[in-house]
Structure formats: C-alpha cells, structure tokens
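Colleague: Okay, here's what each chain looks like letter by letter:
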Amino acid sequence: MAATRADFRAREIFTTLEYGPVPESYACALAWLDTQDRCLGHYVNGKWLKPVHRDSVPCQDPNTGENLATCLQAQTEDVAAAVEAARNSFLSWSKLPGSGRAQHLTRLAKMMQKHQRLLWTLESLATGRAIREVRDGDVALAQQLLQFHAVQAYTQEEALAGWEPVGVVGLILPSRFSFLEMMWRICPALAVGCTVVALVPLASPTPLLLAQLAGELGPFPGILNVISGPASLGPALASCPGVQKVAFCGAIEGGLRLLVQESVWDETMKRLQVRMGRLRSGHGLDGAVDMGLKGPGAHVLAQDYVREAQKQGAQVFQAGDMPSDSPFCPPTLVSGLPPASPCAQAEVPWPLVTASAFRTTKEALAMANGTPRGGSASVWSERLGPALELGYGLHVGTVWINAHGLRDPAVPTGGCKESGHSWHGGLDGLYEYLQPLGTPARARFICENLNYDTFGLAVPPALPAGPEIGPSPAPPYGLFVGGRFQAPGSRSSRPIRDSSGNLLSYVAEGGAKDVRDAVEAAHRAAPGWAGQSPGARAALLCALAAALERREPALASRLERQGVELQAAKAEVELSVRRLRACGAQARAQGHTLQVAGLRGPVLRLREPLGVLAIVCPDERPLLAFVSLLAPALAHGNTVVLVPSGTCPLFALEVCQDMATLFPAGLVNVVTGDRDHLTRCLALHQDIQALWYFGSAQGSQFVEWASAGNLKPVWVNRGCPRAWDQEAEGAGPELGLRAARTKALWLPMGD
Amino acid sequence: MAAHSQGTEFDLSWISKIQVNQPAVLRRAQQIQARRTVKKEWQAAWLLKAVTFIDLTTLSGDDTFSNIQRLCYKAKYPIREDLLKALNMHDKGITTAAVCVYPARVCDAVKALKAVGCNIPVASVATGFPAGQTHLKTRLEEIRLAVEDGASEIDVVINRSLVLTGQWEGSNFIKTSTGKETVNATFPVAIVMLRAIRDFFWKTGNKVGFKPAGGIRSAKDSLAWLSLIKEELGDEWLKPELFRIGASSLLTDIERQIYHHVTGRYAAYHDLPMS
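Top line first, the protein sequences correspond to chains G and S. Residue numbers for the first sequence follow the UniProt record's numbering, so the first one is 1 and each next one is one higher. Residue numbers for the second sequence follow the UniProt record's numbering, so the first one is 1 and each next one is one higher.
I should point out that these hints are in silico values taken from the structure, not numbers from a laboratory. Each residue gets a CB set at the ideal place from its N, CA and C atoms; glycine is no exception. A few of these clues could be false.
To spell it out: a stretch of chain S is covered by chain G in this simulated footprint if at least three of its residues, at any positions, have a beta carbon under 8 Å from a beta carbon of chain G; those stretches are [said to hold, decoys possible]:
#	region
1	16-22
2	87-99
3	168-174
4	208-215
Just chain S, with the same shape it has in the complex (with noise of 0.2 Å):
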C-alpha cells in the first residue's frame, strides 16, 4: 500500500458534522447494483481486473504452512493460463494485490511466496484480530513482530470501544470491517465511508484507500464493488494502491465466470485448481 497520505490536523469537528440520510443511501445503493452491469468482453476484462484487487484471504484457526502454500501459488496464478491466453490477456503478469494471513503465518506466506517468485506484499492482520480487545502493548509487539516477519502490510482493528465513545483514530486506508462480524462489507456503508474518503480528499487533496473485506463470494458482487468505486470515487481510485476487496472464495468464482466467457460452458468443479 505505496500512497501515505501526509496527513492532516486531526479535526473532530469534521466528523461530528457528517449526516448520513439513510433511506436514500439504500436507494443509491440498490440503484448501483442494478443499474452498471457490464456483460461480455466487458464482462471478463473488469472481471480480471477485480482480480488485481484480491487480498486473497486464509484467516482460519488451523492454517498451515502446506495450506498457505497453496494460497501464494494460486495468488501468483489465480487464473488459468490458456484463460488468459483466449483472451490475450497472459502476458500482463495478473496476480492478486496480496496475500492475506494472520501474524503467526507471515513467515510461511514470504517463504511461498518467494518460492514462487511472486513479489506481491504480504498482509496481516494484526492488533487483537478480529476483536481488537487487547492492551496497546501487545497490539503494538504484535505489528512490530508482524513486520520483522516480513509483512508489509498491517490490517488494524481500531479500538472500537473508543470510537463508540467519539474517540477517532485516522487512517490512511479503511476497511469495511474484520470480515469475522456476522455483518460485513454492505453497499450502504461502503457509499458512507466512500463519501467520506472523497469529502477527505476535496479537503486536503490525500487520497484514503479503501478495503471491504467480508461476503463478497460471487464475480457479480465483486463487480458491482468496482462501479460502485467508479461512481463514487473515480477511476483513479481504481488501482490495487488504494482499494482492495477481501476474499477467499471470490477467486474460484470469477475463474468460473471466466472459463464460461472463455469457452462457453460452465465449468465443472474439477476443471478449476483449487486454492
């Protein structure tokens, strides 16, 4: 995640001001979904460019090395080469923005990773995941070991005890949530923080990325994620520096969708690497 804003004068007075009208938020969320679909050659260019978006996610209690292993070579190779080839699109050297895992599997993913020879980053997730609900020392080592294990990328989960008392903390990169709460990533709260993200900008001219991260299973979801970003922010927004989707299952989706634009029929589940 190259672009640090500079940041700015921490100003509360910016964020008490917000008003948020929540009935037309659900309209214009809903308006989006249906009205920018993109079908067929358009179709599978923004799917592959979705794919660049990927933090493709292993956040599970008994990841492993051999697990995380795979997970860097599908990251590497996340769609199949004679795909790509149909659609003149392999030598443009597509991978997933990053490989995402917690802080004890770091180690594992740069090893993989560098097995494969695959330079993409390698973000953890960090401070108390997914609760945020330990001391600040820790949370800090926690970042600190991250980092020495080789992550370049840290996913912080704020003190949402103190936000709920209007205590905020800037960010130059904000995710919809965890992806562990049994609500995540949502078009209406992702229009808020994304009107947020552009108020911010017009202000002080730095540009926050932006991350959901949470439910997004289908390449349908994951499309509606990338118009969503270009009505709301533009398409300079649309580049792996400033927004990522959190998955771990999208990336089957959107290779079936491809070998069905590719071929013309639908895949079987065999026909597909697993990841």
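Pulled out of the complex, with its shape left as it was, chain G reads as follows (with noise of 0.2 Å):
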C-alpha cells in the first residue's frame, strides 16, 4: 500500500513537539449569518424585524477584522415595538400555571441542545472568546440554569404562594459581555412569569440566536425579545411604558488583583509565572487555545493599564511575546503597585493580574474590602481557620474558598456595594422578578417635576407655639444618637401636635450634622451587633419587647390621643409586641448548605448584616410601623439609623428609653426632625449600607435618585400606604429579604 499523503512536517515536530493549530469549523455559523442575508436586525415577538432607514454597523471578526455582516442599530420605535409584543404576552405568559412555563424552558434548553454547536461556534466568533471556555462552560451552564428553573417554575405555585411576577423586564447588556450574563437573567424572570425585552450591544449576534430560538418554540414567540443599539437607547428602554423593572449588568473587566502573604510572596510570584507562560492565546475558534479574545478592543484597555502602571512604579511580568500589532495580550502580572496610585484604585482589565503583598489576615481583609467593588473573591489557603475567617469577613456576593469561578444555577451569584445587589440563581435570583402579590404597578415617572437639587434642603423655621399639654412624664428631649439623648446640632425645636391640634410637645430638630453623627454611632456599633450570634439578637428584642409590654398603658393612652380607640390601641401595642418576638426567632433560621452538582462538598449560602441601615418611617402607624421595619432590621444584625413617623416622633422616643437602657450604644440611634431634609441627608449619605422610605411620592423618587450614588439598596412606598396590621406587608418575608444579604460560599472539599 502506498502512502496517498506525505508530510515533512512531522519531522520537524518530532523534535520540537510544539502545538499545533486545531481550527474548529465555524461554517454553521456563517450559513446561520447566510439565512439572515449577513444583515442582523432585532428579534420581536417571534420574527425578525428589519426596520428600513436605520443606521447599521459592521459585526466583525475581532481576529482578523473580517466583515461577518452588517447590524441594524435600532431607535426607540423599535424598543417601544419589542415592549408591546413583552407587554402582550405578558398576559398569557404570566396566567399559564408554573407547570406549563416549566415545560417551555425545558422545550428551550433541548433547543439549545439540538442547535449547540451554532451556539458555540457563533459566540467564539463574534466575540474571539475560546470555543473550549464557551463550549465546556458557558453552552453547558446555560442548559442547566434553563433547566432548574423549570424545576422552579414547576413549584412556583407552593413555594413562592403570596408573590406574583414583576412585569415586563428591561435587560441592559453591556458590551463585551458573554451571552450567560443574558441567560442568568432572563432564566429567572421567564420562570416566574416575567417577559423579557433584551438590549444588547450592536455586534452582538448570539443573543439574537437564542431569541430566536425561543421564539421558535411555538405558543409564546414574545416572551423574549431582543434589541440590538447603542447604550443610549437604555433610557429610552427603562422610561419605556409598561416596563416593570430594569435588569442592567455593567461591563466587565474580568481582571483580578492578588492579595499574597508576605511570607509566601517568592514561592507564589514563580509559580504563577511559571503557570502563567504556559498559557497559550490566540484565535479563539482554536481548540487548543486557554485564552482568546474578550471583544474587540479589550487588548487596547489592557495596554493603556499597563503602560500607565509602569509609569507609576509597578513591575511588569508578560508570559509569551507577542507583536505588537497583534489582537492579544499576553497573560500579564503586575506586582509593586504603590496602593495609592491611580492603576491601584482602577478595576483591572483582563488579562491582567494585579499582586500585593499583606502580612497579616487582617491586613489581607482590610486592603480586600478597601475597594467600591464588591462581587466575588476567592481565599487560597491550607488553614481552614483563617479562610473561614476571611470568608465570613470580605464584603463580597461570592466567596470561594480554595476555587475560583465556580458558578452553579443553584447558588446565588450577585454582590454588594458598587458591584451592585441583584441575584442572580437560586432561591434570591427569583425574587429580583417577583414582588409581593398586590404591588401596584410602577408608573413611568412618580412626579415629573422634581427638583432634585431642592427637595429637602430647607427646613422651614419652627417658632414657639404655646405650652405643652402632653401626657406626663414627657420622654427625654433630644436626639437618640450613641446611646444617649443628644441636644441637636441645630439647636432648634418643631411642635408636635395631637390629632385635634393641641401642642403635645416639642422634638429637636435634627440636621445633616446629625445624621453624620448618627451614621457614625451606628458604625462603631455594628461589628458588636454583627458579632452577637441570632439568639442572643432575639434575646435582646425579647427583652425590648418585655420593656414595651410594660409601657402599654402609657402607649395606649399615647395612641387615643391620636385618635385610636382604646380597644384598638391595647391591641397595636400587643401586636407591636409579638412583632418584636417574632422577628428574633425568624432571623435564626435564615441561611442553609446547599448542595450543588460537580462539586464535593457544600455550599453555604449565609444571610449577612447589610451594615448601617437607614430608616424612614411611615406617618401612619407611628408605633406599630417602627417596630414593624425595626424589628426585622436589628434580628439580622443591622445596626440602624431611623427617622421616626413625622406626626408623632414621640412613640419612637418612648421606645429609645427602654433602648438606652437595653442596647448597646449606638445599635439604634433615632432622629427627629424634618423628614424631608433628613430623607435627603440620608440618601445622600455614601456610607449607609441600606435605605427604607416610607413617605411621599416625591420623597421616593428622591429616594432612588440619590441613592444611586453608591448603589445601596432602597425600598421605597412610593407613596402607597402599607398594611402594617397585616401579617402580609407589616411583618411579611418581604422584611426578611431585604434586611440581610447574601453571600454565597463555596467550600470544596477532598483530601
């Protein structure tokens, strides 16, 4: 037999044994681009939508530049479009029992099966990602996360009774970004009966793909649509009528930085190099390739980072050369950065690795947390001890102790302070597209004339207005701040007034200096608080409660001044009572081990103080409202900053002299005044973990507007009372939720 192929080659290989290329075929993709003439549009209710005199941009191959086809870039009729096709299916999509949602996920991720190399091949090659990262990770994950939750949805009616779904959900997708950020978010909401309108950056071909898959299903071609425009349109998305909630995921870096113990810094600095010059990077579409590309234009950040870090002092470690017209950067390590330079603050771009050094655990944890960042962390170490203990520390969604970048559709992903605090997975992923049943719907803009730079910023003058006929004794005179009543920075006072007018009393007139104060009480309380395990915490409001019972004839009769019956006073205070009993015990069974697949061992999912929170409290209700929103916050070991009901403060001062008694300084500190003024200090405070308001309609909307200075979570009334004396909204999971948040940690074991 005669060879039929000859190679000379091998040869040469023989004695090198280098890598060679091993090209994975993309002709699917590009006969999928050929069905759409290689001119991408949007994907609504079912069909392709091609718009006539729209802009378009090229969708090119990051590689080599190669023109692959051209994208329509959509206006804000074509948004409006996507909306009423989410809008009207909606209706049905929602009503269909959890069951049949279940089955049509399921019918979507054998779909995804069935198409999963078009998948894959099509992913890698508009975003120059590895096939291998895409093809072993990202397919894989996204069938199962369409698989559990039509698990979900399958017992949507039992677990989840008392929640409805949000409405039609606004996705804001960043450039460069990875199709499962899509499928993260809309495998909830579609669960839960939620529809989708996706905006996703031009170029991006995949997310139309699986809009089309879905929408090929048959019965329910609108639950998800998709947009493909420039940023810009995300206004008009979110203001977009009918539009319920907005999901937006910033872009990602996806570089790292590296805290490393001094004493193991050497051993760990070559280790990693070694490691990081076998790294091999190059066209994505290759299958023996551990690096491609993140989108066109990521290599450039990449550069600027590092050239600005060398000019700043660091010192530069780059696996591999490369030419420096090529598309890639190699593996780079950066290491001597002086922690106050600019390149020290800024997120790291990928592929860059940013090393320190720390000496102790705690130094590790204090220069961890240091960052506005707070998404997801892992602890490398061999001492269970201390990684626990870093573990429990760091202010992250996600800690993975001796792993990194394990993710689960069972497990919670998300985050806190700027890296945001929405889930993503597992039980809290589907609360972000639920609310309590009942919710009324959200109105585009709650006022549309709001100053922002007004509102609350005066506090208008209060004069003396005659004796005070209140109930004797009076509580103390002051503001509850550290333990203690204080005398207020602005050394006024405001009337209070009973329901028929007379003068009850007066209150200090809290301001921003106060709030400060009040802020920074409640700091050095809270890691105390945090410390103290749930029973002692439900100890303490037991105790309060105890303190409470023994003042329900004065609070009482406070409370027919106010114009409440007698009958149903006694019953208030009671009710306020149980409330704070109740919550303690709730509070102890928050947090369980979850037990996830590919992975030996558990899973903790831990439900943690959010830190200070700050409360606005209701008008109405002025004592069974306060202890409602107080009891659930200290039960998960909040340390709380609170402005008590504007029409009378004084239950909450009645209270604060049990509490000075029975709390630690500082865990509640109580101010009094203007609520406006003090909503809007508040709001503007960078330092508070968290903020409730309940109050006007304006005072929401403000509420919102300025909290997204840090991205603390708020929950606001909008100006719609609530049901304190209902099981339902005065003492409902919803409390519980949004008291605490969670942490995801991975603990995988062998030996």
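Combine the two chains into a complex, taking the hints into account.
Modeller: Have a look at this one:
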C-alpha cells in the first residue's frame, strides 16, 4: 500500500514537540448568518424585525477584522415595539400555570442542546473568546440554568405563594459580555412569569440566535425579545411605559487583584509566572487555546493599563512575547503598584493580574474590603480557620475557598457595594423578578417635576407655639444618638400636635450633622452587633418587647390621643410586642447549605447584615410601623439610623428610653426633624448600606435617584400606604429578604 | 534510565508539608485533557514521539520465549516501515523505549533483542511484583538475579505498608502504580506526582523520572499524557530518560492512528502486524 499523503513537517514537530493549530469549523455560524442575508436586525415577537432607514454597523471577526454581517441599529420605536410585544405576551405567559412555563423552558433547553454547535461557534466567532470556554463552560451552564429554572417554575405555586411576577423586564447588557450573563437574568425572569426585552450591544449575534430559538418554540413568541442598539437607548428602554423592572449589567472587566502573604510571596510569584508561561493565547476558534479575545478593543485597555502601571513604578511580567500589532494581550502580572496610585484604585482589565503583599489576615481583609467593588473573591489557604475567617469577613457576594470562578444555577450570585445588590440564580435570583401580591404597578414617572437639587434642602423654621399639654412624663428631649439623648446641632425644635391640633410636645430638629453623627455611632456599634449570634440578638429583642409591654398603658393612652380607640390602641401595642418577639425567632432560621453538581462539598448560603441601615418610618401607625421595620432590621444584625413618624415621633422616643438601658450604644439611633430634609441627608450619605423609605411619592423618587450614588439597596413605598397591621405587609417575608444580604461561600472538599 | 539523581539528604518534613487541593487537581486534570489536543501532522509526530516513551510490556503468567520474542521484534519495529516512510520518519530509528518483562523472562528478552540487533534496555519488574509483600532479603536477591540476567532497569515495588505508616523511601524514577491495581494511572494522581517532581527539582536541581502505567490503551490517552508532562514539567522531561509509558496494547492503537493519518482510511485488524 502506498502512502497517499506525505507530510514532511512531522519530522520537525517530532523534535520540537510543539502544539499545532486545532481549528474549529465555523461554517454553521456563517450559514446561519446567511439565512439572514448577513444582515442582523432585532428579534421581536417571534419574528425578525428589520426596519428600514436605520443606521447599521458591521459585525466583525475581532481576530481578523473580517466583516461577518451588518447590524441594524435600533431606534426608540423599535424598543417600543419590543416592549409592546412583551406586554402582550405577559398577559398570557404570567397566567400560565408554573408547570406550563416549566415545560416551555425545558423545551428551550432541548432546543439549545440541538443547536449547541451553532451557538458556541457563533459566540466564539463574534467575540473571539476561546471556544473551549464557551463550549465546555457557557453552553453547558446555559442549559443547566434553563433546567434549574424550569424546576423552580414547577414548584412556584407552592414555594412562592404570595408573590407575583413584576411584569415586563428590561435588560440592558454591556459591550463585551458573554451570552451567559443574559441567561442568568432571563431564566429566572421567564420562570416566574415575567417577559423580557433585552437591549444588547450592536454586533452581538448570539442573543439574537437565542431569541430565535425561543421564538420558534411556538406558543409564546413574545416572551423574549432582543433589540440590538447603542447604550444610549438604555434610558429609552428604562422609561418605556410598561417596563416594570430594569436589570442592568455593567461592563465586566475580568482582571484580577491578588493579595499574597509576604512569607509566601516569592514562591507564589515564581509558580504563577511558570504557569502563566504555559497559557496559550490565540484565535478563539482554536481548540487548544486557553485565552482568546474578549471582544474587540479589550487588548487596548489592557495595554494602556500596563503602560500606566509601569509609569507609576510597577513591575510587569508578561508571559511570552506578542507582536505589537497582535490583537492579543499576553497574560500579564503587575506587581509592586503603590497602593495609592491611580492604577491600584482602577478596575483591572482582562487579562491582567495585579499582585500586592500583605502581612496578616487582618491586613488582607482590610485591603480586600478597601474597594468600592463587592462581586466575588477567592481565598486560598490550607488552614481552614483563617480561610473561613476571611470568607466570612469579605464584603462580597461570592467567596470561593481554594477554588475560583465556580458557578451553579442553584447558587445565588450577586454582590454588594458598587457591584450592585441584585442576585442571579438560586431562590434569591427568583425574588428579583417577583413582588408581593397586589403591589401596584410602577408608573413611568412618579412626579415629573421633582427638583432633585432643592428637595428637602431647607428646613422651615419652627417657632414657639404655646404651652405643651402632652401626657406626662414626656419622653426626654433630644435626638437619640450613640445610646443617649443629645441636643440637636441646629439647637432648634419642632412642635408635635395631636389629632385635634393641640401642642403635645417639642422634639429636636435634626440636621445633616446629626445624621452624620448617628451614622458614625451606628458604624461603631455594627461589628459588635453583627458578631452576636442570632439567638443573642433575639434575646435582646425579647427584652425590648417586655419593656414595651410594661409601657403598654402609657403607649395606649398616647395612641388614644392620636384618635385611636382604646381597644384598638391596646391591640396595636400587643401586636408591636409580638412582632419584636417573632422577628428574632425568624432571623435564626436564615441561611442554609446548598449541594451543587460537579462539586464535592457544600456551598453555604449565608445571610449577612447589610451594615448600617437607614429607615424613614411612615407617618401613619407611629408605633406599629416603627416596630415592624425596626425588628427585622435588628434581628438580621444591622445597626439602624431611624427617622420616626413625622406626625408623632413621640412613640419612638418613648421606646428609646428602654433602648438606652437595654441596647449597646449606637445600635439604634433615632433622629427627629423635618422628614424631607433628613431623607435627603440619608440618601446622599455614601456610608449607609441600605435605605428604607416610607413616605411621599416625591420622597421615594428622590431616594431612588440619590441612592444611585453608591448603589445602596433602597426600599421605597412610592407614596402608597402599607397595611402595617396585616401579617403579609407588616411582617411578611419581604422584610426579612430586604433586611440582610446573601453571600455564597463555596467550600470544596477533598483530601 | 541514565539520569540518576545525585541524591539528597532525606527530609521527611518536605513530605509532611505537602497539601493537595483535590477539587482543583480534578479540574486541572479535566482541563488538560480537553484543552491540549493536537491534530493532523502534529498528532502524527506526537504519536511517534509517544512510541519512543513506551515500555512495551508483557506481564502475564503464561509468557514464554515465543511471545517475548514477538514483543521484542515489535519494540524494534513499532510502526510499519511504509507508514514511517510516508511521514519521512523512517531514518529516525524509532523504537520503543524498552521492553518490560517478569524477572524470569529477562533472559529471553535479552536474547531476542540481541537477535534483532536492537540495543534498547530490558526492564524487569522485581521485588515481589505486584504486591511487594515479600521479605527484603528475597526482594534484593530478585533484583540481583534480574540484573545478572541482563536487565538494565528494575521497576521496584515499594513496601506500601511502610508508606502508609509514613516511612517513605527515596527514588529517582517514580511510577504511578504497578498497572495491576484496580485503579492505575489516572490524571489527578499524576498531577500530584508531577508537582512533587517539579518541587524536588526546584529545591535540589535533581530531575526525577516519571512512568504512568496501567490502563493507557488509546492513542488519544497517550497524547494527553504527553501534554500533561509538557504542561507540568516542560519539554525537558519529554525524553525517555525521564518519561516512560508502561503499556502493552497502546502501541497497536497508535499504529492504527498513524495508518489513518497516512492513508485516510481506518485499518483492518489484519493490516497491522501483531505484537
């Protein structure tokens, strides 16, 4: 038999034993683009939408710059058409029983499985990402996500009774994102009955393909609509009438910050560099490549950062050499950055790692937490004690111990601080798209002419208004800050009247400086309170309940003065006492262990305190609402700065007398005064971790706007009164959900 | 196995300090197999290279001179000549790294190799293979006799009862297992062993060799092993002095793959000579 193919290169490779190209065919991706005549529009209501007279941009292979297709740029009316489609399908989709939605999601998962090669080649082709990463990671996980959420939909009626889907969800995705980021958000939304309009950046064909797969399933074509357009369309989508929630995903840089203990610094750097030297960068569609591209332009960001870091005195190690015109940036290790340099503060671009040394665990924790970001972190140590200490202490949403980057649909992924406080996956992910039954729909603008610059800026002066005729003994005068009653910074007071207009008493007029002091006091108390066991916290709440019981006659008669019947007043005090007792017990049952596929060992779903929680109580129900809000906040380990009811703050001050003797100083701080002004001070404070506001529509809008400054989670009532005496609204699961944040702690095991 | 380490002061603390992150090892093992494939000419060249690492092995109770002779012939001519010619590799003198037999068959192997004019070493398993549960005296005697018969390499079974009680022995070539266990050469175990070899090299400058044995049957497996060595230890370990694959049926599959590469067809059973 004669050789039919002769290759003489083998001889050379035999000696060098180098790796060769392993090209993956992307013919199917091109064929799919051909079905669209190489012109991508939008996918709305189960159909391709290709409006005329639209600007277009090319979709290019980031490796070669080859034109793959042109993409039509959406305009506001295209967004409106998509939202309309989503609104229409919401009517039927949300009414479908959970099992029906589950079936649909399962079918989508199967559809995806049938076309997975198309999916991964298209994604890798358009983004330049390594095909291994897409195929073995993203596509597999995307199917798992659909299947997991199908199961959630099945059990929705029982497991999530009392909750309803929020409605149409607008999803805004950044440039340089994986379609997986979209899946993390649309799966829970669709599962609970929401419909989605996703605004994806131009030249991202994969989301369009996904929408097509979902649309071609048949009966519910409009549940997933994809519009591709510039980021400037985001506000158009967010303000489109009918959009009830906006999920926003910021650009993901993907670089890493490494903190290494000094004693193992040299060893770690050496091993890291050796390993980095073995990473292979190249065309994403090569099967033996570790690192492809992350969309066009990523390498420019990386190179700029490297240049800047070098200028600031850092050492840079780059594995392998790349020609300067190459679109690839080699894996890069930057060390010795001075902590105060701009580079050390900036977000690290992919594929860079910056390394700095620390001396003690405590210092490592301070360094790791000293950033506005709070997404995820991994801890590497063979000593379980310090590793867990760090795991619990890190202010992030996900911690992996001795592992990195693991994800599972059952494990909530989210963050805190400026990484945002929304969750994907697990039960927490579902609640993002649910609201308590009967929540009023969100209007486009609550009030269009709210002036953010002047809202609550000035406090109207309060003048003497005659003698006080309130019941005696009156609660002590002053703001309750740091465990004692203090005179307000303004040295002014405001009169409080009863329901018939008689002057009851004067309370202190708090201002910005008082809020500042109160927040500082709360921060001082925070570590101690968070460190207490839930049992100890519950015990203290019970003690407060007992004290409240002793004050029942006084409190009831005060309520009578507010126009409440004696019987009802007594019942209200009793209910307040009960809420305090129950809350402590509920908070104990928080958090649980998850078991996930592909990992031996548990994932702990922890419920951690938010930190300093500011609460602006409603005017109505001055006692019950105050207690109903305070109890879950404390039970979950938060310290509190609280603005009591504006019409009758005396109940809160009355209870403060007991808190002064029972509670550690600074645990609860009560600031009386002008509600709008105090709300302004709280919302604009950067070191408050969450803000609950119950008041006017304007106030709610202001709080949402101002809190965007540090992305703190807010809970506002948008001017709608709440039934505080009802179990669902006064003590329902919503309060507990909002009073703590989740952390997923991955603990792989093995010997 | 020419590269002998100079030896170093035995320090048990090195071993007791070792920590293994098992889930991470499993992930790494999975990754290397998935992300380091080679195709086409690269695959052919890598497979031929793999041939040169094979300790062509027969360890059966019914081994006789005739099948030992056949094995030795195959060791000398592992791939059909015409296939090698097609790849322009016929003048590279490609043979397996060694033949590996029981001590009693060393004589046969030496004789057979001499007959075909092949100077590759004869390796012998010894010391109460595969359990190693015999007296030290007989084990040492076994080695002496095998060497007397002409074996130039001995695969020693260490006394595992000593290991399990923390009394380790030193070595200059380590093997995953005897190949006779229920679980033999697996990637995760290999990664741990290779990291130990690397650490030892960094500490002392001595290069310890590595031999996975048992269960490596397919050409694809052998490629994965080569990339594992390349990734974890580097190219300098990819030579017969430091890396061997203990296998009996692997060679047949490699030859089939080469046949396919050269001809574009899958070989019938009778197209390739048996070993």
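Colleague: Are the hints correct? Go through all of them and say.
Modeller: A quick look at each hint next to the structure:
1. Only when three residues or more bring their CB closer than 8 Å to a CB of chain G does the claim for the region 16-22 of chain S stand; here the count is 4, and the claim holds.
2. Check result for the region 87-99 of chain S against chain G: holds, 4 residues qualifying (beta carbon to beta carbon below 8 Å, three or more required).
3. With 0 residues carrying a beta carbon less than 8 Å from a beta carbon of chain G, the region 168-174 of chain S misses the three-residue requirement, and the given coverage is violated.
4. With a cut-off of 8 Å between beta carbons, the region 208-215 of chain S has 0 residues touching chain G; three or more are needed, and the interface restraint is violated.
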